[in-house]
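Undergrad: Sequences listed follow chains H and A, in order. Just so you know, we're using numbering that gives the first Met the number 0 here: the first sequence kicks off at 0 and counts up by one. Just so you know, we're using numbering that gives the first Met the number 0 here: the second sequence kicks off at 0 and counts up by one.
Hints were generated in silico from the structure; no laboratory data involved. Treat the hints loosely; a few may be bogus.
[Claimed, not checked] One side of the interface only, derived from the structure: several residues of chain H facing chain A at Cβ under 10 Å: (1) A55; (2) R58; (3) N60; (4) Y66; (5) K69; (6) V72; (7) E77; (8) D84; (9) A93; (10) F103; (11) D133; (12) H136; (13) V155; (14) R165; (15) R166; (16) G172.
[Claimed, not checked] Taking CB as the label site, the calculated pair distances span: (17) A:R58 to H:T94: 18 to 26 Å; (18) A:A114 to H:G112: 33 to 41 Å; (19) A:H43 to H:T151: 48 to 56 Å.
[What the hints assert, rightly or not] Now the stretches of chain A that chain H is said to cover, found in silico as 3 or more residues with beta-carbon under 8 Å: (20) 30 to 36; (21) 90 to 102.
Just so you know, these numbers come straight off a predicted model, no measurement behind them. Here a beta-carbon is modelled for each residue, glycine too, at the ideal position from N, C-alpha and C.
Listed here are the chains, written in short residue letters.
There are 2 protein chains.
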Amino acid sequence: MTGSAPGSAAAITTVGLDADDTLWHCEPHFKLIEARFADLVAAHGDVDEVNEHLLAVERHNLEVFGYGVKGFVLSMIETAIQLTDGAVPADDIATIIDWGREMFAHPIELLPGVAETVGRLARSYDVVVMTKGDLFHQESKVAASGLAEHLTGVEVFAEKDPATYRRVLDRRGIAAHSFVMVGNSVASDILPVLEIGGRGIHIPYDTSWALDHVEGHGDGYVEIERFDLLPGALATFAA
Amino acid sequence: MTGSAPGSAAAITTVGLDADDTLWHCEPHFKLIEARFADLVAAHGDVDEVNEHLLAVERHNLEVFGYGVKGFVLSMIETAIQLTDGAVPADDIATIIDWGREMFAHPIELLPGVAETVGRLARSYDVVVMTKGDLFHQESKVAASGLAEHLTGVEVFAEKDPATYRRVLDRRGIAAHSFVMVGNSVASDILPVLEIGGRGIHIPYDTSWALDHVEGHGDGYVEIERFDLLPGALATFAA
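Sequences are here, hints too, so could you generate the full structure?
TA: The following block contains the structure:
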C-alpha cells in the first residue's frame, strides 16, 4: 500500500474517468432492451419475474463470460429458452441478437457538461479513461465519443479490483497518491482505488438509484452531483 | 515511423508474445466446435457448406462484435437459424451456448517448449503477452497458463494494427527498434510491427496451414519452427 491520508496535500497528476454512466448514458440502453425482452418472453406464456430470472442468469454467466453486451445477449437467449421451456421461436432469438447489434451501434450520448469539462481537465491533468467491459466495444465508444483527443489513454479492465488498478497505475508510472478516480460506482470506481492509496470522486448517475450518500471527505472520497463540478472538486485535493 | 533497418544492431529489450496458437493451442478448439456445429445443423435439413456460411456470418459480425468466443457463439446461433430457416430447436441453441461455456473453461495446453523458454527469456528481456480477442477470456487464460510470473505485462488488443502496437509501446516507454514481436500470424504479429520500426519472429502454428514462408531476414523478419528456438533467434538481432 502506497497509502496517503484522505484529503492530504499530495498534488494530483492523473485523473481516471469511468465511462459508462459517468461520461455517457449506458444503463438506460440496457433497461430499454430488458423491457423489450420481458414483452418478447411474455408473448410465449404466462411468465412472471422475467427480469429476476434474467438477472440470475446474468450473475451466473458473469463469471464465465465477463461484462458487456455480448454476455448480456447470451444471457437473454438462455433466459428465453429456460422460461419458455424451449418454446421461444428461433426468429425471436434472431431478434435478441439484433438487439445486441443495435446496442453496439447505439450513438454515444455524453452526459451534460462532459465534453467541455474533459477538455478543461486535460489542460491540468493526464486524463485516462478506465472502464470495465468488452474491450472492442469500449474502445469503439471512446473513439465515437469525440473525447479521444483529450485523453492520455484508455484502459479497459476485466475487473475493477485493487490489484488491477495497482497494475495499471504501475504500468503507467503513476503514484497512487497522485491519482484520483472518478465514477458513478462506489464499489468499482472508488473503494478499490482508496484501498491502494488513491483518491475518489463519486458522481452518482441517478441520485434516485444511489444506495450510498457521502458528503465531503468523511469516508475518504468526495461526492459531487454533476460532471462539471469536477474541476472544483479536484482543486480541493491540492489545497 | 521510428524506422530501423531490418537486422540492424540495436539491442532488444522487450519481447512481445502472441498468445493463441503461439503459447498455447487454440485453433483446434474452434475446429472441434465447428465440426460439432456442422453435425448439429445438418440434422435439421440438407445443409451444405455450413462452414462457409458460418465464416461469412463471422466476417460480418467481426466488425460489430469483435474477436473471441462470445462473438463466435453468436455467429453460430445466427448461422443455425438462417440455414434451417428458423427450424433449429431452442434446445440446440442452448447447446451451442454450452459449447461457448466449454471453450471458456477449456484447460490451457501450452505448446512444446513454451514453459521453459518463457522462463528463460524473462531472465534477459521484458516479456509482454500481446494478444487479440476477448479481454476477460485472454486474461483468464494467461492466469491459468502458469506463465504470469515471468511476464512484465499482458496487453489485450481490440485490433492488431500498427497504431495499436505504437500506442502500447509508447505507453510502456518501449522504443520500437528495441522491440521484437513473436507470433504465429504474419498479418497480425509481424507486418504491423515491422511497419512501426520493430522486429518480428514468425513461428507458424502448423506449417501445413502457413500461407507464407520466409527464411532469414529477407523480408525483415525471421521465421523459426519451434518456440524453443526463440532465444537463439533473438540473439541474432543483437549480433
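Undergrad: A separate judgement is required for each hint: does it hold in the structure or not?
TA: A quick look at each hint next to the structure:
no., hint, result
1, A55, "16 Å, violated"
2, R58, "15 Å, violated"
3, N60, "8 Å, holds"
4, Y66, "7 Å, holds"
5, K69, "4 Å, holds"
6, V72, "7 Å, holds"
7, E77, "6 Å, holds"
8, D84, "9 Å, holds"
9, A93, "5 Å, holds"
10, F103, "5 Å, holds"
11, D133, "7 Å, holds"
12, H136, "7 Å, holds"
13, V155, "6 Å, holds"
14, R165, "13 Å, violated"
15, R166, "8 Å, holds"
16, G172, "8 Å, holds"
17, A:R58 to H:T94: 18 to 26 Å, "22 Å, holds"
18, A:A114 to H:G112: 33 to 41 Å, "52 Å, violated"
19, A:H43 to H:T151: 48 to 56 Å, "52 Å, holds"
20, 30 to 36, "violated (count 0)"
21, 90 to 102, "holds (count 6)"
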